[in-house]
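K.L.:
Chains as they are written, first to last, in the numbering used here: chain A, 1 to 379; chain B, 1 to 329.
Don't read these hints as lab results, they were simulated from the structure.
Don't take every hint at face value.
[What the hints assert, rightly or not] Pairs of lysine to any residue, SDA-like flavour, derived with a Cα cap of 20 Å: (1) Lys-376(A) - Asp-240(B); (2) Lys-376(A) - Glu-361(A); (3) Lys-180(A) - Gly-377(A); (4) Lys-107(B) - Ser-180(B); (5) Lys-10(A) - Ile-70(A); (6) Lys-107(B) - Arg-41(B); (7) Lys-208(A) - Glu-337(A); (8) Lys-376(A) - Arg-221(B); (9) Lys-376(A) - Phe-224(B); (10) Lys-10(A) - Arg-2(B); (11) Lys-10(A) - Leu-257(B); (12) Lys-376(A) - Phe-231(B).
Fair warning: this is a prediction, and the values are worked out from it, not measured in the lab.
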Amino acid sequence: MDLAFTEEEKAFRAEARAWLTAHVPGSPLPSLETAEGFAAHRTWEAELAAERWSVVNWPARYGGRETGLIGWLAFEEEYWAAGAPGRVGQNGISLLAPTLFDHGTEEQRARVLPPMATGEVVWAQAWSEPEAGSDLASLRSRAVRTDGGWRVSGQKTWSSRAAFADRAFGLFRSDPEASKPHQGLTYLMFDLRAPGVTVRPIGRLDGKPAFAELFLDEVFVPDRDVIGEPGEGWRIAMSAAGNERGLMLRSPGRFLAAADRLRGLWRQQGSPPSAHDRVADAVIGARAYQLFTYAAASRFLEGASLGPESSLNKVFWSEYDIALHETALDLLGDEGESADSDWAEGYVFSLAGPIYAGTNEIQRDIVAERLLGLPKGRR
Amino acid sequence: MRFVLDAGQRAFADSLDAMLTAAGTPSVVRDWSRGEHASGRTLWSRIADAGVFALTVPEEYGGLGAGPVELVVAFVELGRHAVPGPLVETVAAAALLTGLDDPGPAKRLLPVLASGASTATLAPGPYALDADMADVRLTTPPGTNDLYLAPPAGAAEVRRSLDPARRLFPLPPGGELLASGPQVAVAAGHALARGRLATAAQALGVGLALLDRTVRYVGQRSQFGVPVGSFQAVKHRLADAKIALEFARAVLFGAALTTTAADVAAAKVTACEAAYTTARAALQLHGAIGYTAEYDLSLWLTKARALRTAWGGPRECRALVLSGRDRRW
Ligand SMILES: Cc1cc2nc3c(=O)[nH]c(=O)nc-3n(C[C@H](O)[C@H](O)[C@H](O)COP(=O)(O)OP(=O)(O)OC[C@H]3O[C@@H](n4cnc5c(N)ncnc54)[C@H](O)[C@@H]3O)c2cc1C
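Using the sequences and the hints, build the whole thing.
P.N.:
Below, the structure written as structure tokens:
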């Protein structure tokens, strides 16, 4: 057991730090939940990609540096410590890309991954539907066979960043006769500007159009945009999500940087004893999340599958994120009401953590049943 | 970077677990709580034979010269089996003796501590655990740089702990002067960190045992015609305990590797809070049976509370975390 980085990893970290110091925008970009901010973030992602910093763990042929998971973790620590902007390509990079690595064709990877790495094509996840949230397998949007592809119809919702994104990936019912809800689903990619697609932005709590509803009316999807075998959609969507999402959806680097900023804020305010314990817990929590992730990455690299374990992660970071931001707003006193600070933006974002990516209730069920072996109960 | 236990470390944990399971620790704990130490002494020598007290003692004093990771592995198991006695205190005393300038006291006392022939105690706060039975009782009177071998405490002076198996004593003043000078303070600091780390490990073990027992119980106990473990309110409480314990495990082993004061303090807070959260869940989910002294669960429940305070409570440890230097992780 050790926490030591190799010389190669250290050199990589130093190179990343130097590059970030020279390139991270001096003043924060506008919120990526606005049209203006989205455009600014795309420009930043392109700059990152130009020197292969946008997807460091990917193979070189798709724009990566083949650093492996540990290298990725180190890069993320440097990235957030440098105060770099949130990633607009996140959904594609953490959800679609791992799926394509495991289940896509070489043609799909070569076509989809490079423009994803540069931010030229930003992806939205179209899983949820008005009637299918936690019970995702009950989804009803359908895909019907046609010449050379599929005709897709139905309604998707809560699709993050779809208001400004380019393409989407989602699950569709291709065999309405299948005996179980998880069967007969097909996983496919489609263009958000294709004929038959209507995107209606939805304002989140603060009104910013952070997600959108998608109305799909006989949208044509060519065969080459089906991921894996038709009818196998559920298994494909879940496999990559379980393993890598747990590790890569939220990197520890982000919380380490936020906890450092919180400690700085606390000191700036004269180290008020009333917040002492909460600030300490934020510092400890970031360290805990970092170390837990290192342990998970180590097991993953030894060949373990991290399926249900990623649920431990999800509950931890989402609750941690809220506690950290609440502490910051409390420390800010009267200014804590202001919606204009980075802390406020982070706070609003954090509030959704226990809801998306599978609600924390669902994650706790997974922990209890699959990690502790408790009996299944009525849902 | 390989932040997982290796096969040897896992095998060490498994062998300790098997030995302690076979030893039937609950009856030892009950004897110990009554001040009857014979069964505990027997168990002590088995734990010593497994190498636990020799682990971090340097080889020239009869130790194994292993690192804090092995120590943490061992103390998680000791906590899981609720083993009573001045376990943490003995390894902390050994750390103190190792850190002195003058090798005299180490030469004299470390071999018997490492072999398990002697037990030791010392007082990180006002009380020393098991000072009536410990053979070596170390004191550093406040405001001095002196280290004494204190006389034994009288059994009559015992202070009751919330954990009946933790028998606390104020250490009598005086005794034999073992060492003097600024290095005593340095060595005492080292002992504090070692004791705190071992306590955190013990607490994690206590939490893991509580979770295990509770998962088993709610899978068997039926109400309304189904196991109570199938109720979501029950499941979610145990899921939260599992989450807290697994993150505490990461912080604990991280602290064993870096041994910085801030990391060790973080491990103490995280492990003790996780164990205590689990204890509250365990008590609740056992219903009334959990609230009885005769049911074995109580042996872990009471320890979870007591360990929170031992070797530096949450406030003190959190302050250390915040006073730690800012770092680029
Ligand atoms: C900011 C944000 C971004 C999102 N981005 C995306 C995206 O990009 N793509 C996408 O597809 N979706 C996205 N979602 C949707 C998200 O995945 C769903 O909101 C989530 O799965 C929950 O579904 P629901 O909202 O329909 O809630 P419901 O499923 O209706 O749940 C309502 C409440 O009931 C609880 N509940 C439901 N079932 C159970 C059960 N069995 N046991 C206990 N409690 C239960 C839930 O935990 C929740 O508290 C996003 C959501 C948010 C808030």
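K.L.:
With reference to the structure, classify each hint as holding or not holding.
P.N.:
Results for each hint:
1. Lys-376(A) - Asp-240(B): holds, 17 Å
2. Lys-376(A) - Glu-361(A): Distance of about 14 Å is within 20 Å: holds.
3. Lys-180(A) - Gly-377(A): holds, 19 Å
4. Lys-107(B) - Ser-180(B): holds, 16 Å
5. Lys-10(A) - Ile-70(A): holds, 11 Å
6. Lys-107(B) - Arg-41(B): violated, 23 Å
7. Lys-208(A) - Glu-337(A): Holds. Lys-208(A) to Glu-337(A) sits at ~17 Å (cutoff 20 Å).
8. Lys-376(A) - Arg-221(B): holds, 15 Å
9. Lys-376(A) - Phe-224(B): holds, 15 Å
10. Lys-10(A) - Arg-2(B): The given pair, whose Cα atoms are some 15 Å apart, holds under the 20 Å limit.
11. Lys-10(A) - Leu-257(B): Holds. Lys-10(A) to Leu-257(B) sits at ~18 Å (cutoff 20 Å).
12. Lys-376(A) - Phe-231(B): Since the Cα atoms of Lys-376(A) and Phe-231(B) sit roughly 9 Å apart, the hinted pair holds (cutoff 20 Å).
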